[in-house]
Amino acid sequence: MRTLHVKIACVTMLGLCAAVASLWVNHRGKVQKMEERIGSMPTKSVCVGRFIVDVPEHAVVTYRPASLAGWDISTIQETDVDFGLRVQQKADLLATHRNERGGVALEVVQEVKNDDVKGKIFLFDRRWIALMRAGKEVVSEIVAIDALVRSNGISYEFKADFKRPTQIDQLKKILHQLHAVLDAHIPEGAGFCFDRGFIRDPLTAEENEHASIFFGIKEHPDLAISLSTSAGIAGGRTLLQRDADSEVQKEHASQFHRLRIGARSLNGIPGEEVLQRVDELNGAKVHGFMWQSRGDKTDVYLPSLSLELDTGMGKPGKPINSSLSDAEALALWDKISASLRRRPVGATTPSGASL
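Take 0 as the starting number for the sequence shown in numbering that gives the first Met the number 0 and just add one per residue.
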C-alpha cells in the first residue's frame, strides 16, 4: 500500500512539474514575442545636446527650454509678422521702465544680422550690488541681457537677468554660432542641439550647456520618458549611492521590487541604472527606471546625463496601474537606452543650410 501511495505521489508530482514547465514555456514564448515586437518597433532619432536617442516613431517629443552660458533659450513658432510685433512690443515696454535709480531701464538695443539670423539684443534693468571684499565695500553692476532673433522661420528667445554689461559680447558670439534645425534633421557639425536649434562649436564645459526632452506614446498615456544633459556640472553622489541611502526605500522596503540595478555603460558612456517596480500606497503597481552617467565636468562630451522611464502616471497624487508589464517595460527601456549615443560629427554644414 505504501508503495502505491509513493507511486501516486510521484506521478502527481511529475504531472505538476510538467504543467509548471508548460506554463513557463508558454510564458517565455509570449515574452520573447513581445520582446521581438518591441525590438523591431520603428523609431526616429532625436538630437539632445551632443547626443542622439532613438524614440518610438509615433512618440510625441517635447523639448524643455535649454540654457547656455546663463541664458535660458526658448524656441517659438510664429509668423514673421508676429515676431516683428513681439520685438517692437518688448522695445516699447522696456522704454517705459525705470531702473532702481530712476534712470531709463533700456540702455542698449543692438541689431543682429548674422547670415540667416536676424533680430535684436536688449540690455536693460541695471542694478548696483554692494559687496564687502577685503574689508572694503565694492559696488558691482549687473544687467539683464535678452535677445529675440529669428532664422529660417523659427524664433528664438535668449533671456538672462544677471549679467555683467560686458557679457553682451558673449551673447553676440553665441548668436553668430546659432543655426535653425529644419524638419527634425540631425546636425552634422560639432555643437549643441536644442529645440529646432543648433549652436555650433566652439563651446566649453564652463558655459554649462543644458538641454532636455520628454516624450510619451499615445497608446500608453501613463508612460513618461525623459532625457536631460548638463555639461560642466560637478558629479556629486552617484545614482547607486543615493539609492542605497534612500530612507523611503528603507522604510517601505516591501513595496520596492528591484528588476535590475548596477553599473551600465551605454555606447561608451559610463553610468549606473536602477530599475524598479513600485507598489504605490493606493495599490497601483508602477515602474520607475533611471540611468545616470558618471560625467566629467570639464568635458562637454561627458556631461551629466539622466534618462528616466516612469509608468503609472495618472492625475497628480493619483498613480494608476502600469499599462506595461515588467517584461514590456524592460524591453522598451533596453530598446531606448541602448540607442543613446554621442552624435557623430562630420563636416560643418554651411551657413543657412538645413542642419
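Keep in mind that the hints were calculated from the coordinates and are not lab data.
Possibly wrong hints are sitting among the right ones.
Unchecked claim - 27 Å max Cα-Cα, derived DSSO-like pairs, lysine-lysine:
(1) Lys-43 with Lys-158
(2) Lys-162 with Lys-172
(3) Lys-314 with Lys-217
(4) Lys-43 with Lys-334
(5) Lys-119 with Lys-89
(6) Lys-296 with Lys-162
(7) Lys-172 with Lys-112
(8) Lys-217 with Lys-89
(9) Lys-172 with Lys-284
(10) Lys-135 with Lys-171
(11) Lys-284 with Lys-314
(12) Lys-43 with Lys-112
(13) Lys-89 with Lys-171
(14) Lys-89 with Lys-117
(15) Lys-171 with Lys-119
(16) Lys-162 with Lys-119
(17) Lys-135 with Lys-89
(18) Lys-249 with Lys-317
(19) Lys-158 with Lys-119
(20) Lys-162 with Lys-89
(21) Lys-89 with Lys-43
(22) Lys-158 with Lys-172
(23) Lys-162 with Lys-135
(24) Lys-217 with Lys-284
(25) Lys-284 with Lys-317
(26) Lys-117 with Lys-158
(27) Lys-217 with Lys-317
(28) Lys-217 with Lys-249
(29) Lys-171 with Lys-296
(30) Lys-158 with Lys-171
(31) Lys-334 with Lys-249
(32) Lys-117 with Lys-162
(33) Lys-117 with Lys-43
(34) Lys-158 with Lys-317
(35) Lys-43 with Lys-119
(36) Lys-119 with Lys-217
Stated by the list, open to error - Here are the simulated distance ranges between beta carbons:
(37) Thr-237 with His-57: 28 to 38 Å
(38) His-57 with Ala-94: 20 to 30 Å
(39) Asp-182 with Glu-279: 21 to 31 Å
(40) Ala-189 with Ala-337: 42 to 52 Å
These numbers were taken from a predicted model, which means no experiment stands behind them.
For every residue, glycine included, the Cβ atom is placed at its ideal position computed from N, Cα and C.
How the hints compare with the structure:
The hinted pair formed by Lys-43 and Lys-158 fails the criterion: a straight-line CA distance of about 31 Å is larger than 27 Å. Between Lys-162 and Lys-172, the direct Cα distance comes to roughly 15 Å. Compliance with the 27 Å bound is thereby established for this hinted pair. At roughly 16 Å between alpha-carbon atoms, Lys-314 and Lys-217 fall within 27 Å of each other, so this suggested pair holds. Our distance criterion of 27 Å between C-alpha atoms is met by Lys-43 and Lys-334, whose separation comes to about 12 Å.
Restraint check for Lys-119 and Lys-89: satisfied, since their Cα atoms lie roughly 10 Å apart, inside the 27 Å limit. Restraint check for Lys-296 and Lys-162: the C-alpha separation of about 22 Å stays at or below 27 Å, so the hint holds. Proximity of Lys-172 to Lys-112 is assessed by CA-CA distance (about 12 Å); at most 27 Å being required, the pair is judged to hold. As the CA atoms of Lys-217 and Lys-89 are separated by approximately 38 Å, the hinted pair breaks the 27 Å bound.
A distance of roughly 50 Å separates the Cα atoms of Lys-172 and Lys-284; the hinted pair therefore is violated under the 27 Å criterion. This hinted pair does not check out: Lys-135 and Lys-171 have alpha carbons roughly 34 Å apart, beyond 27 Å. Distance hint between Lys-284 and Lys-314 is fulfilled; the C-alpha atoms sit about 15 Å from each other, no more than 27 Å. Between Lys-43 and Lys-112 the CA atoms are separated by roughly 34 Å; this puts the pair beyond 27 Å, and the hint is violated.
Proximity of Lys-89 to Lys-171 is assessed by CA-CA distance (about 19 Å); at most 27 Å being required, the pair is judged to hold. Our distance criterion of 27 Å between C-alpha atoms is met by Lys-89 and Lys-117, whose separation comes to about 16 Å. The suggested pairing of Lys-171 with Lys-119 holds, with an alpha-carbon distance near 10 Å, which does not exceed 27 Å. The hinted pair formed by Lys-162 and Lys-119 meets the criterion: a straight-line CA distance of about 17 Å does not exceed 27 Å.
A distance of roughly 39 Å separates the Cα atoms of Lys-135 and Lys-89; the hinted pair therefore is violated under the 27 Å criterion. The straight-line distance between the Cα atoms of Lys-249 and Lys-317 is roughly 22 Å, inside the 27 Å bound, and the hint therefore holds. Taking the CA atoms of Lys-158 and Lys-119, the gap is about 12 Å. The hint holds against a cut of 27 Å. At most 27 Å may separate the alpha-carbon atoms for a hinted pair to count; Lys-162 and Lys-89 meet this at roughly 19 Å.
With a C-alpha separation of about 38 Å, the suggested pair Lys-89 and Lys-43 falls outside the 27 Å cut-off, and the hint is violated. Proposed proximity of Lys-158 and Lys-172 is supported: the alpha carbons are some 15 Å apart, at most 27 Å. The straight-line distance between the Cα atoms of Lys-162 and Lys-135 is roughly 23 Å, inside the 27 Å bound, and the hint therefore holds. Distance restraint check for Lys-217 and Lys-284: the Cα-Cα separation of roughly 20 Å lies within the 27 Å cut-off, and the hinted pair is therefore satisfied.
Of the pairs offered as hints, the one joining Lys-284 and Lys-317 holds, with about 12 Å between alpha carbons and a cut-off of 27 Å not exceeded. Of the supplied pair hints, the one linking Lys-117 and Lys-158 holds, its CA atoms being roughly 16 Å apart against a limit of 27 Å. Between Lys-217 and Lys-317, the direct Cα distance comes to roughly 20 Å. Compliance with the 27 Å bound is thereby established for this hinted pair. Restraint check for Lys-217 and Lys-249: not satisfied, since their Cα atoms lie roughly 35 Å apart, outside the 27 Å limit.
For a cut-off of 27 Å, the pair hint linking Lys-171 to Lys-296 stands: about 25 Å separates their Cα positions. With a C-alpha separation of about 13 Å, the suggested pair Lys-158 and Lys-171 falls inside the 27 Å cut-off, and the hint holds. A distance of roughly 31 Å separates the Cα atoms of Lys-334 and Lys-249; the hinted pair therefore is violated under the 27 Å criterion. Proposed proximity of Lys-117 and Lys-162 is supported: the alpha carbons are some 22 Å apart, at most 27 Å.
Annotation: proposed proximity of Lys-117 to Lys-43 is violated, straight-line Cα distance about 31 Å (limit 27 Å). Restraint check for Lys-158 and Lys-317: the C-alpha separation of about 36 Å exceeds 27 Å, so the hint is violated. Distance check on the hinted pair: Lys-43 and Lys-119 sit about 35 Å apart at the alpha-carbon level, beyond 27 Å; violated. For the proposed pair Lys-119 and Lys-217, the alpha carbon gap of about 39 Å is over 27 Å, so the pair is violated.
In this structure, Thr-237 and His-57 meet the distance hint of 28 to 38 Å, their C-beta atoms being roughly 34 Å apart. Judged by the Cβ atoms, the range 20 to 30 Å given for His-57 and Ala-94 is violated: they are separated by roughly 47 Å. Separated by about 41 Å at the C-beta atoms, Asp-182 and Glu-279 break the suggested range of 21 to 31 Å. In this structure, Ala-189 and Ala-337 break the distance hint of 42 to 52 Å, their C-beta atoms being roughly 24 Å apart.
In the structure shown, a violation is registered for the earlier hints numbered 1, 8, 9, 10, 12, 17, 21, 28, 31, 33, 34, 35, 36, 38, 39 and 40, in ascending order.
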